[in-house]
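From first to last, the protein sequence lines stand for chains A and B.
Using the numbering used here, you'd call the opening residue of the first sequence number 1 and step up by one each time.
Using the numbering used here, you'd call the opening residue of the second sequence number 1 and step up by one each time.
Pairs count within a copy or across copies, as identical chains cannot be separated in the list.
Cross-link-like lysine-lysine pairs, in silico, DSSO-like; alpha carbons within 27 angstroms at most: (1) LYS91 to LYS171; (2) LYS171 to LYS103; (3) LYS162 to LYS259; (4) LYS103 to LYS200; (5) LYS366 to LYS162.
Keep in mind the hints are simulated off the structure, nothing from the lab.
There are 2 protein chains.
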Amino acid sequence: MNPYRASIVTIGDEILIGQIIDSNSAWLADKLFHLGFKITEIRSISDQPAQIEQTLAELTIKNDLILVTGGLGPTNDDRTKEALNDFFGGKMIMNENVLDDIKSFIAKRRGYLQLSDNNRAQAMVSDVSTVLRNAIGTAPGQLFNHNNCITISMPGVPFEMKHLFENQIIKELEKRFEIRPNKYRTLHVIGYPESELANKLSDWESNIPDSIELAYLPSPGVIRLRLSSLSNNNKDINNQIDKLRSIIGDSIIAEGKEKVEHTIGKLLSDKGYSIAVAESCTGGLLSQRIVSVAGASNYFQGSITAYSNEAKHRLLNVKNETLKQHGAVSKETAMEMAKNVASQFNTDIGISTTGIAGPTGGTTEKPVGTVWIGIYINGEVDAIHFMFTHNRTVIMERSATLAMYEMIKRIKKMG
Amino acid sequence: MNPYRASIVTIGDEILIGQIIDSNSAWLADKLFHLGFKITEIRSISDQPAQIEQTLAELTIKNDLILVTGGLGPTNDDRTKEALNDFFGGKMIMNENVLDDIKSFIAKRRGYLQLSDNNRAQAMVSDVSTVLRNAIGTAPGQLFNHNNCITISMPGVPFEMKHLFENQIIKELEKRFEIRPNKYRTLHVIGYPESELANKLSDWESNIPDSIELAYLPSPGVIRLRLSSLSNNNKDINNQIDKLRSIIGDSIIAEGKEKVEHTIGKLLSDKGYSIAVAESCTGGLLSQRIVSVAGASNYFQGSITAYSNEAKHRLLNVKNETLKQHGAVSKETAMEMAKNVASQFNTDIGISTTGIAGPTGGTTEKPVGTVWIGIYINGEVDAIHFMFTHNRTVIMERSATLAMYEMIKRIKKMG
Chain A
1 MNPYRASIVT IGDEILIGQI IDSNSAWLAD KLFHLGFKIT EIRSISDQPA
51 QIEQTLAELT IKNDLILVTG GLGPTNDDRT KEALNDFFGG KMIMNENVLD
101 DIKSFIAKRR GYLQLSDNNR AQAMVSDVST VLRNAIGTAP GQLFNHNNCI
151 TISMPGVPFE MKHLFENQII KELEKRFEIR PNKYRTLHVI GYPESELANK
201 LSDWESNIPD SIELAYLPSP GVIRLRLSSL SNNNKDINNQ IDKLRSIIGD
251 SIIAEGKEKV EHTIGKLLSD KGYSIAVAES CTGGLLSQRI VSVAGASNYF
301 QGSITAYSNE AKHRLLNVKN ETLKQHGAVS KETAMEMAKN VASQFNTDIG
351 ISTTGIAGPT GGTTEKPVGT VWIGIYINGE VDAIHFMFTH NRTVIMERSA
401 TLAMYEMIKR IKKMG
Chain B
1 MNPYRASIVT IGDEILIGQI IDSNSAWLAD KLFHLGFKIT EIRSISDQPA
51 QIEQTLAELT IKNDLILVTG GLGPTNDDRT KEALNDFFGG KMIMNENVLD
101 DIKSFIAKRR GYLQLSDNNR AQAMVSDVST VLRNAIGTAP GQLFNHNNCI
151 TISMPGVPFE MKHLFENQII KELEKRFEIR PNKYRTLHVI GYPESELANK
201 LSDWESNIPD SIELAYLPSP GVIRLRLSSL SNNNKDINNQ IDKLRSIIGD
251 SIIAEGKEKV EHTIGKLLSD KGYSIAVAES CTGGLLSQRI VSVAGASNYF
301 QGSITAYSNE AKHRLLNVKN ETLKQHGAVS KETAMEMAKN VASQFNTDIG
351 ISTTGIAGPT GGTTEKPVGT VWIGIYINGE VDAIHFMFTH NRTVIMERSA
401 TLAMYEMIKR IKKMG
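Just chain A, with the same shape it has in the complex:
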């Protein structure tokens, strides 16, 4: 059986003019991929009715499923609902259940009920749709079944869209499709630029069977390799991964589709380790990424970001002598930061970053991109030197990502 084909359409000028990044599509694509759909394309279009209808005409004939987000807000620039209704040949009617939802949502939020015309208009739906009521916002979803293609429209506000998808739309998909979740594994590889890794793996790659699909997924500091089985066979994937480990085993640091901060969360919880963070060049990013995982308060104790030498000395107890002799961006400072922040917060682990993120502040000896990462674990401390290229944001991201991977490496080595 061929996989079902799906496309995602996001509607709204704010994406087309670059005011917001379309994160909804990536979230939905990930969900659909896991449910076994093949995503053929993603389009962002304006809320002009003619373009909405043209897009639906092009995509509904090529796909089994279309997910539409956006264009359902309470403001006047949203014309999606009318365009959908016109395309699917219905008429707009007031839905009393949705109106009740909106009333209770607004009353709860404001403490009193005052319905605007905009709010009331949100209760209008197409009479040829199945209405998907929104429990945490005012815009309902709608499902249309037309020419062997299911089209589902959702609000564009990310948390409303996600809530609707997880609580209602998955059920609707399970009713209408034979869901066969994709089989795949994802490995996190550090230490290689993409072209070198491809080079190193070229022999292996040319021998993997056609039923296995390989994808390189690079991001700052790490390349994830994803192997998926088109024949839904776990054994084939596992065989290939065994071969892969014999080639680049040392560089495979983690597994799983999740980000490294989730891997850390699991590892620290399993080991019962606590952690604290000392930052300079990453300015809070490392701490924030660790804390972004729900439940981080079980292992994360806190962090200190110290930009100036004085702050490094006073708040992180880095010796003035160290700063004077080796500088703030040095192995010695990184090690003292890691060790001392662990002692400040009384944790098993301390990690630190100190470097030059730019755009200014570089010297010939220590150019922009020079970063030291210090890692203290249960009495042992060391620091690793990195030389990153490119801009401030990328340098910060790579530093935070690699600090986390280097920590994982060391914890695993300790057994």
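We have chain A; now place chain B onto it with these hints.
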């Protein structure tokens, strides 16, 4: 004159399966909008040659400009260049200049020269294209002129793409189009949900002239209102903004397309104020957002993230009595955190966050979403209570955003 029409195409399975968020499109859309182009649509497609050619066929007849990113990497899953060449009817040839670029790039990066077949293949270009050499990576850009539409392909790695766009593509666009940058202003409004703001502005909105386009751009904690003039007239925009100020003047906190952290950067630099941050529920996010602005080291001194009560007491000197009597999530704790972090780092300003980001940790009295923001400026300190809904990420983002806006409000009030 009607604006030029442009579309953006991103190529690569990693977007279609939701492994990465397409941030390139938003960046390019923003650039094109400022140059006066009207972006008609954005598409993400696979690297299947048939789909690439079909997409170009559909879009080149509707647009004056197509920007293509991605699908130029050194790994085997990239087939974009061949598909472009086939569509535009050329043949692939080795470009010696590009090969030299690749050689020197690799030699510089590795310290020695070892060219893989993959690297060599990157120097192949279409003979019907103008080659755009890449100074900071191995994949060159190409420009095609076909049927009154310019198509430009760029690497997908964000910093390479941006570098190529800013250093070469803008010049190519200026050669080929009469560039007329868009006139617009963007106001940052806090304190209103989108529907309430739309309601409050409905009379004003129905009276703005057709030559002014209004867009609501909501993000966690702030709605940006953008007024653009289709007739390129600044005076029309300014008139409307004067009217807007008379309706919601108090809620307009900042202006400019940039994020609030850039506004803060300018404000603090102008005033010569220094700042330090004390965080609990935002876990480093507030600090990281302030530091994300280049030059932040001129005003940002550092931050302390303290999760436990003990850390709040020991590192931020919050009195045990305060923690015991009022709790960690309280006005009193927020004020002490803000005041004390300013004294720890010897700064003019201290801001703090303490709250319950969830998903667990809420109580009846202090449910998930309860946040206190403390602000200390030059001897004066207060704290503001917020009750946010929704998930951990949104609560953290809103807290960080509103902490920055509330600080701006207070600095402006001080004159």
